[in-house]
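Colleague: Residue-level listing of the chains:
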Amino acid sequence: MAETDIDLERLYEERRARYRVLVCVDGSDESYRGLEYASQLANNPNSDIILLYVRPIDQGLRSGGLQVRVARENMLSWGLELPGIKYLKKGLEQLMTGEGMASDWGEKITHTDIEGDPLGDNKIEYTNEGGRSIVLKLKTASTIAAGILDQYELGPYDLIILGDSGSWGGWAKSLWDPAVAEKVAMHAPCSVLVARELARGKGHLLCTDGSDHAMRMVKRSGVVAGKINSHLSVMSVALDVESEPDAQKNVDAAVTELKAMGVEPVNAFTRVGSPFEEIISAGEDYSFIVVGSDGRTGLKRFFMGSVAFKVMEHSKKSVIINR
Amino acid sequence: MGGYNSMNQPAASVRDEQKKDSFGAKLAKLLSDFSVHYMWEKKWFFIAMIVGAIMLSLPVPDGLSREAWIVLTMSLVATILFVTEPIPLPAVALLIILGQVLLLGSASSDVAKSLWNDSVLFIMGSLMLAVAVVKQKLDKRIAWIIVRITGTKTTRICFGISVVSGLLASFIGEHTVAAMMLPVGITLVTLTSDDPKKVRNLAAVLLFSIAYGCSVAGIGTPSGGARNAIMIGYWREFFYDPSNPETQRFIIDYVTWMMFAYPMFLIQLPFVTLILFLTFKPEYRDLSRAVVKLRAQVESEGPMKAADWVSIILFLLVLIGWIFVSDEVGMGTIAILGATAFLVAGLVRWEDINSGVNWGVVFLYGAAISLGIEMKETGAAQWVAENFLAMLAPIGANEGFGLWAAVSVLTTAVTNMMSNGAAVAVLGPVVLKVAVVAQESPIVIGFITAISSAFAYLTVVGTPACTIVYASGYLKTTDFLAVGWKMVVVSTIIMLLAAFVYWPFLGI
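Line by line, the protein sequences are chains D and H.
Plus 4 on top of the position in the first sequence (first one is 1) and you've got our numbering.
Plus 23 on top of the position in the second sequence (first one is 1) and you've got our numbering.
Extracted from the complex, chain D is given alone in its bound form:
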């Protein structure tokens, strides 16, 4: 027991040193666009990409007491692929045909039974000589969001990318049945990118409020932007006209920080009004809106309903919540 603990610790340490991106695919176009972003971001020897498809555990009662696995086994015996594998393979193809990714990849397959289900978790790991790896993972979980969050527990990630499934509702809807992206964004301890219509090449819009956390976000974004050759712009929102100089100061601080890193921001501006409305309207002209979120967990985030979440919920652009 103790030995495995040490092994796990070491594995975690190794993983922390790498930049790991978890991309959740569900077959939608958005999720593949998110994957494209990941492949640009993680196109270096120290980054790994993990493709994840989560299949909800079958509920026996809903299928009248006959386990759905009877049907699945029947499908397998006909030589048909289970759903999910198709999506993962498509993602892998997209990654491997992408620029700079084509090299020799070795293959390693592992399989974990989930609660005695032979069709449980499956994992295929491709590694190349440089030590990079691409992992395809098919996971079974009670709900899709829970599956994604469980996956985080298995190995820390630096960024989770999801396609927006489009069903965001108001507070009552969130209480009843929150959208997967909403739930993951709420609970995930790392940065989350919700991919919507990814119009590329229009750059990132960083929204800062001058806090330490926002400054860290600016720093990280500078690194990321250099990696994927994207433009950066900085904005800050003042609640009223009197506090506009403060907002300007925040923007200036961010610009200075970025310049020190060798990144030249395209635009730097302030707006006056309600933060999340202004951010959303300004964000129309950019590919990504980047917002910081402090480290509050779970329920607190839910009830506080931070600006970051409102932006995420209402914007039509891709949003990155940076933690």
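Among these hints, one or two may not hold up.
Straight line, CA to CA, 30 Å or less: simulated DSSO-like cross-link-like pairs of lysine-lysine [claimed, not checked]: (1) D:Lys-231 - D:Lys-314; (2) H:Lys-176 - D:Lys-90; (3) H:Lys-499 - D:Lys-93; (4) D:Lys-187 - H:Lys-220.
Just so you know, these hints were derived from the structure itself, not from any lab.
Use these hints to put chain H onto chain D, whose structure you have.
Modeller: Same frame as chain D, now just chain H:
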């Protein structure tokens, strides 16, 4: 990469700080994280429990005994749990048992006895049979027979699939046939084109032909679905009195059920294909490429083996048993006999049955029926029925045709939210009492409930066939809504017409 390493610095130092935290602080944090998450995930469980506690602490309404009020509360709480599923559904069954012993004060052995009856035995036996039948791998041959008769036109293949799936499903249960035929549908789709986007509508018509073909057939015979067996059980428990020969008519046997319901299934069949083709326009009008490849696959199987014939004969024997001797020995006995025969003949392994049947479901139906019978015995069902009728009276739906329609709409609404067997188990006692209070025939109302519970075309969870077909990953939940409402309307009209025009001829 230097940037990333430096980014990791603050996080690492936070972790170090956490390590220095005292054990107590860690534990407290762990507990609070855990409890918040736990409460959130299980919120509906707590809401249901609070609703139950409030109801029990309120004064008992006029005209109800304390026991009836407890049973009513338990039913409501169970219904909330059935719909929201915060805990595994078999756990709801356990709660029902606990409630009967601890809240109602029934003797433990009495409760245990009320969990098993012929209906539950029948549900268990037919599930075991279902696994045995699917494992016989006759699906390729059935598929080949279908396309040999229908030719290669998409419309004709879809109609053929619906008819054959339906005919089989009406006897061996919709879930069985859906599981058997699903690969047939997907194979036809994938052999036509590898790109799912090019065959989206084709996949929809083929897979819905299976799902809806099976769903409309589930009403045909008592063995079509668990809900039918549950209703038959309720009729016997509620109205049959061995000392009174008059009540003999409440024992509905296999053939009687078929006379009522089978024609309705046959009338619905053509509408399935019609509605599907009006809703989805398949990309390919002809599937000859796929059919040729399917033929090659079937031919590689070789001729029928002795084991195939034995399994077909065994199944026919079970069918004959249900039709001719089930009144004497009980339908459950025949189902168990069939499953045993498959096991003795070595046609199916126990391990396959064990992992293919969800035993919790058997348990759940047992508990739900047991609670339903308590509803009747404590008078709770009577009370709800009276209030339900009083509510319907202003709109004139408290008798005759209006009442039939109201019961049908109520059942359809409930069944789209939970599994249809559970819907019948929950609603059965109430609607049967409604029939008595309104002086309608309990048999007509019972049939309307059992049959309407098959109209769960709107959601993935509604009918077993829909759930199984959805597991293929080719359909979206919105597809079910797009085509389902048309099916609900057509099916309801056909059923009410049958109740109005056809059933009176059967002497009810």
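Colleague: All the hints need checking, so say for each whether the structure fits it.
Modeller: The hints, checked one at a time:
no. : hint                  : verdict
1   : D:Lys-231 - D:Lys-314 : holds, 28 Å
2   : H:Lys-176 - D:Lys-90  : holds, 28 Å
3   : H:Lys-499 - D:Lys-93  : holds, 20 Å
4   : D:Lys-187 - H:Lys-220 : holds, 29 Å
The structure meets every hint from the earlier list without exception.
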